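Read top to bottom, the protein sequences are chains A and B.
Just so we're aligned, residue 1 is where the first sequence starts under the numbering used here, counting upward by one.
Just so we're aligned, residue 1 is where the second sequence starts under the numbering used here, counting upward by one.
The hints are simulated quantities; they were obtained by calculation from the structure and are not laboratory data.
What you are looking at is a predicted structure, and each value in this text was computed from that prediction instead of being measured.
Just so you know, not all the hints are guaranteed correct.
[Claimed, not checked] One side of the interface only, derived from the structure: several residues of chain B facing chain A at Cβ under 7 Å:
#: 1; residue: GLY238
#: 2; residue: PHE245
#: 3; residue: GLY248
Here a beta-carbon is modelled for each residue, glycine too, at the ideal position from N, C-alpha and C.
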Amino acid sequence: MGGREATMVLLDENGIRCDGRKVDEPRRIMIRAGGLKNADGSAYIEFGDNKILVGVFGPRDVHPKHMANTDTGILRVRYHMEPFSVGERKNPAPSRREIEISKVIKEALEPAVMLDKFPRTAVDVFIEVLQADGGTRCAALTAASVALADAGIPMRDMVAAIAAGKVADTVILDVNNEEDQAGQADMPMGYMPNIGKITLLQLDGVLTPEEYKKCIEVGIDGCKKVYELQKQALNDKYFGNRD
Amino acid sequence: MANIIDELKKNQILELLDQGKRIDGRNLDQTRELSIEINAIPKANGSARVRLGDTEVICGVKIQPDRPFPDMGDKGIFICTAELLPLSDPSVETGPPGPDVIELARVVDRGIRESHMVDLSQLVIEKDKSVVGVFADNVAVDYDGNLFDACSYAATAALLSSKTPKWNWTDDAPVLAEGEESAVPITTIPVSVTMGKIGNHIIVDPNADEWASMDARITITSDSDGNICALQKGGVDGFTQEEIFKCGEISVRIGAQIREKLKEAQKGA
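Work out the full structure, taking the sequences as your base and the hints as a guide.
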């Protein structure tokens, strides 16, 4: 993990975490489907103190043309953090971290999107992290799934995402920034609840084989909770009383 | 044309796997032959030339004084990189690395870093001012799939063989203490095991043909205690919970075998 020493109590004697949550309690999650006028589909998510906006364009012509595939459509994902999204100003140019996260999110979404339905075209997913507080890739993936659905892209399932982890030798759900920096392990996970497949999985930090299994189970349970909120967001936009 | 050949080969690989066989005759959970040559680059502070089947990687470790990261004044620096040289494969072009290579370098770095293999607290020259930087740079010189593990083994073997010079803090600067070399402080030996998923089959250490045919892959790093310390899923398909559990077990079991080979290579040096 970050290698920094814990300057706060990550888990107190009553099993309460540094931000007052219980071990299996996610942060406050608010998802809104739509919101952007020009994008074909969009979503906004607040996941604890993370604030992330996602816009989807397509299926549309592929530029540059040589990227087009005659057998299938292609999915392109850009994960990008605003300079003001973190404590110290971030250089706006894409970092190696952002390039890697773009890739893992793209590969997490691909199993869900029926790209073979629209050959020679591209679907572009633009993820903008307005404010970051640990767990941005999971929040971004969750919102991107909703934005793709909002764009009417044919999908097998939505990908819901949340991290499991370990602080004070205890497996927890939804790792926040402090727990990521000072905790023992962080395992971001993306999961398609209907299909039962894990499509994003990373880990840093040391877990025993038992803790490893526990983290997977806790993560899947968490993803199922997030999934309900994703469906609710789409329901609110298309069948609700909003606006 | 290449596409058609890939498709035919993929079908062949899948048909063989359905019969429990692999295209190069290995068992599903069998790695290719691993050979490790220690101290291949004597001018480096540590080095290794690793062949995993026909994938070949050279790792050189350079150790030099550096400024600590602002919030980590009591820790040395460890950085591991990986690069595909243009001579390793006809498809590799010169220029800045693409997403695949960036991911490769970050996954190899993470596996070693998260295991806390190098005890960075012992690499401080003067707190908050000067620390020892350990740089493990991997270059792939020949490609036959699974660079993740080849680079990881090369870096681990190179680190195990590395000797660090000693610096004293004199007149506000690090000064080299002549002739005082010691082994890099090592706490554990991390081993990454990369598995590919083709259809519903999980295969260990995919070669280039298998790599091109994979639906998804997963790299899991375990340490000397048999704990799991890093993981990365890649590729455009997913894994079920049972598959993830199975991959965890395979990685610890195969990792223990590879760890013995890494130890053996040190003894032979």
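key: Interface restraint verdict for GLY248/B against chain A (beta-carbon cut-off 7 Å)   = Constraint on GLY248/B satisfied, holds at 5 Å.
request  = Using 7 Å as the Cβ threshold, decide whether PHE245/B counts as touching chain A.
outcome  = 6 Å, holds
request  = Report holds or violated for the interface hint on GLY238/B, using the least CB-CB distance to chain A and a cut-off of 7 Å.
outcome  = Since the shortest Cβ distance to chain A is 3 Å, the answer is holds.
Of the numbered hints listed earlier, not one is contradicted by the structure.
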